[in-house]
Amino acid sequence: MTRVMESRPQTTHDRPVVATLGQRPAEPLIFEKSSPGQQAVDLPPLDVPTSTIPQELLGAPVALPEVGQHDLVVHYTRLSHRNYSVDTNFYPLGSCTMKYNPRINEWAAGLSGFARLHPLQDDAQIQGALRLLYETRCFLQEIAGLDEVSLQPAAGAHGEYTALKVIGAYFKDHGQPERRVVLAPDTAHGTNLASCTMCGSEVVGVRTVEGLTDLDDLRRVIDEHGPEKIAAFMITNPNTAGLFDPRIGEAAEIVHAAGGMLYLDGANMNAILGKTRPGDFGADAMHFNTHKTFSTPHGCGGPGAGPIAVCKKLSPYLPLPQVMMAADGSFYFDRDRPKSIGKVRSFWGQFGVFVRTWAYISACGPEGLRNVAEKSVLAANYLAARLRDVFEMPYFDPARRRFCAHEFVTVPRRLLEKGVTLNDIAKRMIDYGVHPPTMHWPVQDCLMIEPTDTESKRTLDQFVEVMRAIAVEIDHDPGLLAQAPLEAPVRRADEVAAARAPVLVWEE
Amino acid sequence: MDYTQITSAHEQQMLQAIGVAHVDELFGAISPEFRFRQTLDLPPARSELDLQRDLAEMAAHNHGAHDMVCFMGGGAYDHFCPALIDQLINRGEFLTAYTPYQAEASQGSLQAFFEFQTQVARLAGLEVANASLYEGATAVVEAVLMALRVSGKRRVLAASTLHPDYLAVLETYLSDLPAELCRLEATEGRITVEVLRGHLDDDTAAVVIQSPNVWGLIEDSQRLFSAAHDRPGTCAIAVFNPIACALLKKPGECGADIAAAEGQPLGVPLSLGGPYIGLLAAKKRFIRSMPGRLVGRTTDTEGRPTYCLTLQTREQHIRGARATSNICTNQGLLALRVTMFLSALGKSGLAEMARQCYHKAHYLAGQIAALDGYAMTFDGPFFFEFCITCPRPVTEVIETAKRRRLLAGVAPGGRRMGSIGGPNDLLIAVTEQRTRAEMDALVEVLEELSG
Ligand SMILES: Cc1ncc(COP(=O)(O)O)c(C=O)c1O
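For the record, the sequence lines run as chains A and B.
Numbering-wise, the first sequence is residues 107 to 614 according to my numbering.
Numbering-wise, the second sequence is residues 480 to 930 according to my numbering.
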């Protein structure tokens, strides 16, 4: 289902009548297009006398490609034609918030007064940029309902790491260095667990029941390890099953009673912008993913940013430096934070990403952000409601007033029992111009579907038709799905072979 | 404008399909005490026209390499970038795609990352590279964590001539792990084999050397790494400048096992320090210990060349707490940028860029060193960045140059550079972009201050 799709997909043995990438001839590697002596750009001649270069310092030439400018542009343009993207396809990838990326964001980040600032310039020369960073900090503090934001982390996972270090530093400073155990639900994102390891913390799983944290198990785990050992409980809310946890307040109380902190993985903030604030429901620290919630593009996997927000008692431990406003209204980087955990990256953070964040939040305004949350939740519930008769949904049941947040999980058992795999379904979606949803997470055999706030009803309706068409195909011709994708530049990739004998670089 | 597209008529139809009267009912799981009933205290929504005005105004309040002549380095450099890159990189198919988990719908980015990995490995003179890390400092950290894993040892010997941010970040990351960070002190701005030998022991997991180092000096990496390898299992980690690799000995040629770098010089805008891109290359035997995404070449069911993410069992989404790193989102679009940059400059273009950096920097250094009262702070070999000791406090030098629209350099004695230099030291970087006239203008300013 591409943006230009007008006709309804047809079912069963016919190829769907949709614009997909289609089968395309392979594009050779840039190295294969190389001809000795070719060049895409040139430099002016050297305008100073040469100096001698000691022979022993010289290295061998680097075998980079030699292509002309036209061939080069053709190459990367053709590669672009081999990708699904938010701009060209419906991309309901759960937990990733693949919303539209406004182009003014890119325009702004490219302004030379932002793009060409050197990170070590004096504060006085970059007042406009510092203002933007400071305002972004304040925006995020307000949205989080927490006291101080650090813009340093480069992505969500980096934010988790940084915040856990901050929490660890707080406990060390308060004579409780033994608080090293971090709790996380069994549905936690992999980065949560890996971030704990990088901090030298032990991570302990907490059971979930029907998609929600089992509070009895939370209490049990705390008792088992000793409340005095607990550093934090990391929770995603709305969680990775697409549910806002109605007992989040109680979970916060339990962790706080043990003396630990509640850490919120803010990957799903899109669902609650302006509807509730993490600080208000008990979070002590959290990260944002600007590339999810605030429309900074995903760019094939980054760059994003993972700013963290913390409560007052954690503020002194935030990483260096911090952007501040002085009494006279000027802005500066503060490095006088003796309790800081230190630096977590070079320079000051993903500045160019925050230009985009600022532009997005400023465009939306407070009502707009709330509308973003409402539309993302509306879209997800609408899809869930229209698909649940064919795609079973373990946690969605409007009759019992059980709704999803901005995404939902389906475990399509009936269809899987017909002899197709989840992967078959996912690959068949590609043939209909839809990027497959997140798979097998947070539970086995599930698809996690997140339509986001920026899709029109028309697109959502087309998606419903696509999913129903696939269900009909499974009923009539499950074998067809095993061959999918048929309408992509390549058929199914042999990922097993790729891992068995890895080829990671081109060898002539 | 919030970019949503569901009209109120559509909203009614959708609510009806769900079976609720009002959208607020969908938020019923949020208990009333936590409902945010006020309006967020943020500026009101703005039209794009107003935003363009406001953003242009904020941008206009900054000076930088666009309206001044930039001799600043210290880990971020003002290199040339061909115009075609900005045009290609903003194609929606690249800009708005996710990490290529679904191979068949992501062959474009996967193939580009495979090309990127190949180019980075070749630059580093090593066998394999990953598909990017956050930036230079965390790339150094990941290289060190890799060495700790593969060696099973605990001590990390890091040159004090590493960029101070890299050292600071390394210190943060190692602080709660079973590892010990030990700094190798420099003599005349460089690390000597004697100092290294004095610290090496059987528990040394890694020796980390940056070249060109923070002073711009070229370290004797070959001898240092060969000394490191006298201890079985110790990893030699090179922190490199990717442009220097087109002229000088590459990490692999110096005997490095792992190499890490800040990739910003390769076509990434200065952008006040980020987003940048971390490069990581290694010997093939380390691939299963590498952090981050790796793209592999395989075939599809019809035998056609096909690319996919591979060795994912190393990664957080499969391995959880036992993953090789927590990294998920990396710097995809910048990896694309770098690969386009390297393809555009090509074999001879990058070599020419490196050559011009070298000669221009040596020309300027010669001119300045000939001035009364100025001297090279160190006399070791350098690439395109060098340190000068001025007859006056460097703050005065920088301020005076500013009035002539020159960003004279970086003050290594300042806190932002970890106060590693003296009060009169000035670190100057000369890229291929600097003209003789611009360099002569800087020399003129310095000359006026020499009296
Ligand atoms: C729930 C959750 N937590 C954390 C992350 C990690 O964020 P990032 O990819 O920005 O590092 C993700 C991203 O996929 C996520 O979905």
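Just to be clear, a hint being listed does not mean it is correct.
Derived, one-sided and incomplete: chain B residues facing chain A with beta-carbon distance under 10 Å [said to hold, decoys possible]:
(1) Glu572
(2) Phe857
(3) Gly893
Here are a few chain A residues that sit away from chain B, every Cβ distance over 10 Å (derived from the structure) [stated by the list, open to error]:
(4) Leu152
(5) Val309
(6) Met431
(7) Lys524
(8) Val578
(9) Gly585
These are calculated hints, taken from the structure and not from any lab test.
Heads up, the beta-carbon is just placed ideally off N, CA and C, and yes, glycines get one too.
Status of the hints after comparison with the structure:
1. Glu572: holds (4 Å)
2. Phe857: violated (16 Å)
3. Gly893: Hint holds; Gly893/B Cβ to chain A Cβ min 8 Å, cut 10 Å.
4. Leu152: Since the minimum Cβ distance to chain B is about 5 Å, Leu152/A lies within 10 Å and the statement is violated.
5. Val309: violated (5 Å)
6. Met431: Met431/A is indeed farther than 10 Å from all Cβ atoms of chain B, at 14 Å.
7. Lys524: Non-interface label stands for Lys524/A: nearest chain B Cβ at 21 Å, farther than 10 Å.
8. Val578: holds (20 Å)
9. Gly585: holds (14 Å)
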